[in-house]
Amino acid sequence: MNTTRPLENAKRQRKPGELVFTGLLFIGSLAITYFAFSISGLSSTSAPGSIPMLAAVFLLISSLITLVKTAKQPKGTEVGSFVTAITPRVVLFFAFITLAYISIINQFGFLASSLAFLFFSILVLYRQGFLLSILISINVLAIIYVVFRVIFKVILPEASIWQ
Amino acid sequence: MANAFDYFSIGWADPYLFFLTALGTFAGIYVGAIPGLSVTMAVSILISFTFSWDVNEALALMAGIFMGGVYGGSRTAILLNIPGAPSAMVTALDGYPLAKKGEAGQAIGLSTVMSFVGGLVGIIVLAVAAPVISEFTLMFAPRDYFLLAVLGLLLVGALSGESLAKGIFCAALGVSLGMIGLDPLTAEERFTFGSLELTGGIPYIAAMIGFFGIAEVFIQLHQIGIQPIRQNLDKILPSWTLVKKYLPLSLQTSGIGVIIGALPGTGGDIAAMLAYDHAKRVTPEPATPFGEGAYEGLIAAESSNNAAVGGAYIPMLTLGMPGDAVTAVIIGALFIHGIQPGPLMLTETPHLFWYTVGNLTLANLCILVFGLTGIRLFSKIVQCPKGILLPVIIVLSVVGTYAIQNSVTDVYWMFGCGILGYFLKTYGYQVAPIILGIILGPLMDVSYRRAVISVQDDLGDFFWALVSNPISLVLVVGIAAVLINNLRKSR
Chain A
8 MNTTRPLENA KRQRKPGELV FTGLLFIGSL AITYFAFSIS GLSSTSAPGS
58 IPMLAAVFLL ISSLITLVKT AKQPKGTEVG SFVTAITPRV VLFFAFITLA
108 YISIINQFGF LASSLAFLFF SILVLYRQGF LLSILISINV LAIIYVVFRV
158 IFKVILPEAS IWQ
Chain B
5 MANAFDYFSI GWADPYLFFL TALGTFAGIY VGAIPGLSVT MAVSILISFT
55 FSWDVNEALA LMAGIFMGGV YGGSRTAILL NIPGAPSAMV TALDGYPLAK
105 KGEAGQAIGL STVMSFVGGL VGIIVLAVAA PVISEFTLMF APRDYFLLAV
155 LGLLLVGALS GESLAKGIFC AALGVSLGMI GLDPLTAEER FTFGSLELTG
205 GIPYIAAMIG FFGIAEVFIQ LHQIGIQPIR QNLDKILPSW TLVKKYLPLS
255 LQTSGIGVII GALPGTGGDI AAMLAYDHAK RVTPEPATPF GEGAYEGLIA
305 AESSNNAAVG GAYIPMLTLG MPGDAVTAVI IGALFIHGIQ PGPLMLTETP
355 HLFWYTVGNL TLANLCILVF GLTGIRLFSK IVQCPKGILL PVIIVLSVVG
405 TYAIQNSVTD VYWMFGCGIL GYFLKTYGYQ VAPIILGIIL GPLMDVSYRR
455 AVISVQDDLG DFFWALVSNP ISLVLVVGIA AVLINNLRKS R
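Sequence order for the protein chains is A and B.
Heads up: the first sequence begins at 8 in the numbering used here, then just goes up one per residue.
Heads up: the second sequence begins at 5 in the numbering used here, then just goes up one per residue.
Don't read these hints as lab results, they were simulated from the structure.
C-beta atoms are modelled at their ideal positions from N, C-alpha and C, and glycine is treated no differently.
Non-contacting residues of chain A with respect to chain B, defined by C-beta distances greater than 10 Å in every case (computed):
#1 PRO81
#2 THR84
#3 LEU138
#4 VAL153
#5 VAL157
A partial selection of chain B residues facing chain A, derived with a Cβ cut-off under 8 Å:
#6 SER167
#7 LEU177
#8 VAL179
#9 SER180
#10 LEU225
#11 ILE228
#12 PRO389
#13 GLY391
#14 LEU394
#15 ILE398
#16 VAL403
#17 VAL412
#18 PHE419
#19 ILE423
#20 PHE427
#21 ASP449
Turn these sequences into a full structure, and let the hints guide you.
In structure tokens, the structure reads:
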């Protein structure tokens, strides 16, 4: 049963950075295999390392097959470089700001961190000005806080910086 | 029989109990829709409130939340490609493509009706065949759970998208991630690298939110300037012709859902996987290919995961064994109220059994009502500008992940899985097999080792047992069939 359209059966072109990524996955699989083996080696069939070893073997074989297939694919010519196609500025910005948000959430608490994150993200992504961004951020945060903290009584991080 | 009907109708006739079931279902739908706010968590939180309640009131609320929560997970799966619950992962495969075509309303309408059908089948089987089903599930040995886990993992062929090798890689990656932490049998550390944070493993909810939610957000950033798709909400209620056309498939996959749900330790996520694969087999020429908005894929997933709810109640009520995490919490609630579920329940406290069946039926009906009436509001979410929606999804994901164990470490895991998921999705890998691997890996590990230990580590005896026992043999044949099919498709 072939449920793919004819166009998808044509040779797929390699995306920017794809060969490197699949290569990294293969190296990662080698590492996982090594660490799986170091759990209990091949000491017994019911050892703690038996299923991790089995999974690692499948990981290794499948990543190698994918690496070989990817290397054989022609490089795409119309999609731009790795930076423009895979990690454009907006993706890098959002990754950075999300990581920053997570890293300050314990120190400054959920409310302050989330307000800052929402404000800067909406300001950059929505591009409708300072006032609208702050209004939207406050309203959204208020709704989230009421739903999660008040109604569902979910514990949210408190600011530790003042303690 | 007259008594059974009297007990069945208690929840319907009493206004307060009726209200509690409806409230529970309504809350469950919206809790289930939010990734990270799991049904298990909602029921666990509510347990503490219901200590002082009458047991009937507590059961009414919990049944509603359970039913509603399983269904609610499909909402965000369809609208945003972010499953609200693991059981909705498969729903996203065809539900989200439909939303991308502007057919979110129809997708939700169809999933609602088929969830109702699935839920009804699960309840009927619970009412009619509970003792028989529970006897059957008791025959499952550890090796059979191992085979079931292997079968579930092999079904990644159905989820692999463009490449079987990529699908197997993701499933194996998921199994490896699921092994992080302490070995449940020997407490030996695996993949912890001496870190205390890693001894607890990676919560699969955090991984799911990361791989689905965060990764999808980053992918959507590439389309930040594109206008949101206008959803067609003219046809929400599916026509009777459409329902009749897909009813046989819904009933078949509901049957799968009940059986899988009845197995202790398995739930709607595995049921949906098996049902999806079944749908692919019995629909050789779908109008729309699977994975691109096939109604059959959506129906199979939703019917089965709601049928699994009724299935999960079977071992809980008849054997005192939880069918899944939610029923484990509900068993705790029953004990607190002085009730012991088990083999004698049907004879000593039949009123409780039939009352529960009545609650579930009412909750199922509420799904139909609340599910169909809230679609327009939910569809507005998709039409919200991405510049606002995407940051909000991040905040909700952080909240949902933090709520698991009140740990920022889990949030970091979520972010890491999100970044990895972004690159995997970009390069043509499907992330659903990873979550499947994380869920099934521990089951496979413990079951396999218990099975092998029971034959004193003799692999010969282990393999002989696989073919000499009827249930094991059926599962082995199923695995072989799936394997052959996967290899044939990959050529």
